[in-house]
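J.: So you can see what is in the structure, the chains are spelled out below.
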Amino acid sequence: MPQFNPGQSKNAVVPVTVQPSGLSCEIEVFLGPNDTTKVATSGLLPFTSTGSQQGIVAPITMPSASGTYHVFIDVYSGDFLIAAYQAIEDVVIAPVGVAEFTYVSSVRHAGTILYPGDLGNGIYDKIQVDIKNTGTGAGICHPHGFMRFVLYDRTIISEGSYGWYLYENPNYFPGGYSPKYFNKPNPAPTFDLEPGQVATFEWHLALAESFRNVYTWAESEAGKTEELRLR
Amino acid sequence: MERIQVQMEDPVFAPGVIKTAKVPIDVDPSGLSCEIEVFLGPNASTKTATSGLKSFISTGLLQIVNAAITMPAVAGASYHVYIDLYVEGMYLAGYQATEDVIIPSGSIGPITWV
Chain V
38 MPQFNPGQSK NAVVPVTVQP SGLSCEIEVF LGPNDTTKVA TSGLLPFTST GSQQGIVAPI
98 TMPSASGTYH VFIDVYSGDF LIAAYQAIED VVIAPVGVAE FTYVSSVRHA GTILYPGDLG
158 NGIYDKIQVD IKNTGTGAGI CHPHGFMRFV LYDRTIISEG SYGWYLYENP NYFPGGYSPK
218 YFNKPNPAPT FDLEPGQVAT FEWHLALAES FRNVYTWAES EAGKTEELRL R
Chain G
34 MERIQVQMED PVFAPGVIKT AKVPIDVDPS GLSCEIEVFL GPNASTKTAT SGLKSFISTG
94 LLQIVNAAIT MPAVAGASYH VYIDLYVEGM YLAGYQATED VIIPSGSIGP ITWV
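Residue numbers (our numbering), protein chains in the order written: chain V, 38 to 268; chain G, 34 to 147.
I should point out that these hints are in silico values taken from the structure, not numbers from a laboratory.
Treat the numbers as computed from the prediction; the structure is a model and nothing was measured.
Where a beta carbon is used, it is the ideal one built from N, C-alpha and C, also for glycine.
None of the hints are false.
Residues on chain G that point at chain V, a partial pick, calculated with CB under 8 Å:
| id | residue |
| --- | --- |
| 1 | Gly109 |
| 2 | Ala110 |
| 3 | Ser111 |
| 4 | Pro137 |
| 5 | Ser140 |
| 6 | Ile141 |
| 7 | Gly142 |
| 8 | Ile144 |
| 9 | Thr145 |
| 10 | Val147 |
Please work from the sequences and hints to get the whole structure.
T.: Quick look at the structure:
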């Protein structure tokens, strides 16, 4: 049984045979609880019969309400109905799940990583937080890793999102390359999470000796996590 | 006798429906006992569907004669339309319509969604 999303645009390809050839015909494919209630329809689509089977493409926007719908096909020639069919298989419109992203861990310092030759002698702090899709549908999460660092004189010299890795639990498999320099943030990540799926979001920070009061946190649709003080 | 072509609209009908052909006829002089037969078929000697003989009295003017026909049950074909006119029992003229009657058929195979 074909299953589609509410409002999804699909094409029904209908093999139609109308005889004799050369007739002006119309076809309508529609969905509904019965053949007199058209919840979604292709409208009347004109075609000229060839006398043999021809594939007619009928675009339909699926109903917005979830449920099971019968599929009806009417073929007209002249002013009358020459074929009225109902598909054996109904179309199912699945309810829309809503993704909701929640942090399921604190922001944590997960050690260091070495980038030889980079700023801070190539030593970067690895910051991680786990985020989970606690909603009922798949969705795209847009997490951001942030840091704020202050000089001795308490001047905030930078605050913003920085390079990150996305690791999928449980294997912590690197999903990308972090920036070589923390003033060149990676583009904002996007990744799909199925309901219940957990991902570890990681970003890397290089800390200079002159930095003090360094904090980091993460943000996504779920909001801002607590800050983690590194220095 | 060679048949005469007569104009007709291009009709498409459902199989088995009853339709009435309205035939404009002018027979002179008036007062003659006439009959008309409208029939469908692949040729003039094969009557797939017919109105039978419809009697009327000539008026000497153009008159409309109704000829009801049950359309052929076999769909997916076109049929020639013939009109035979008899006056006082004598075959006077045979006509064939310029357009055929079409009885379309339609069938649908399995739908695929793309």
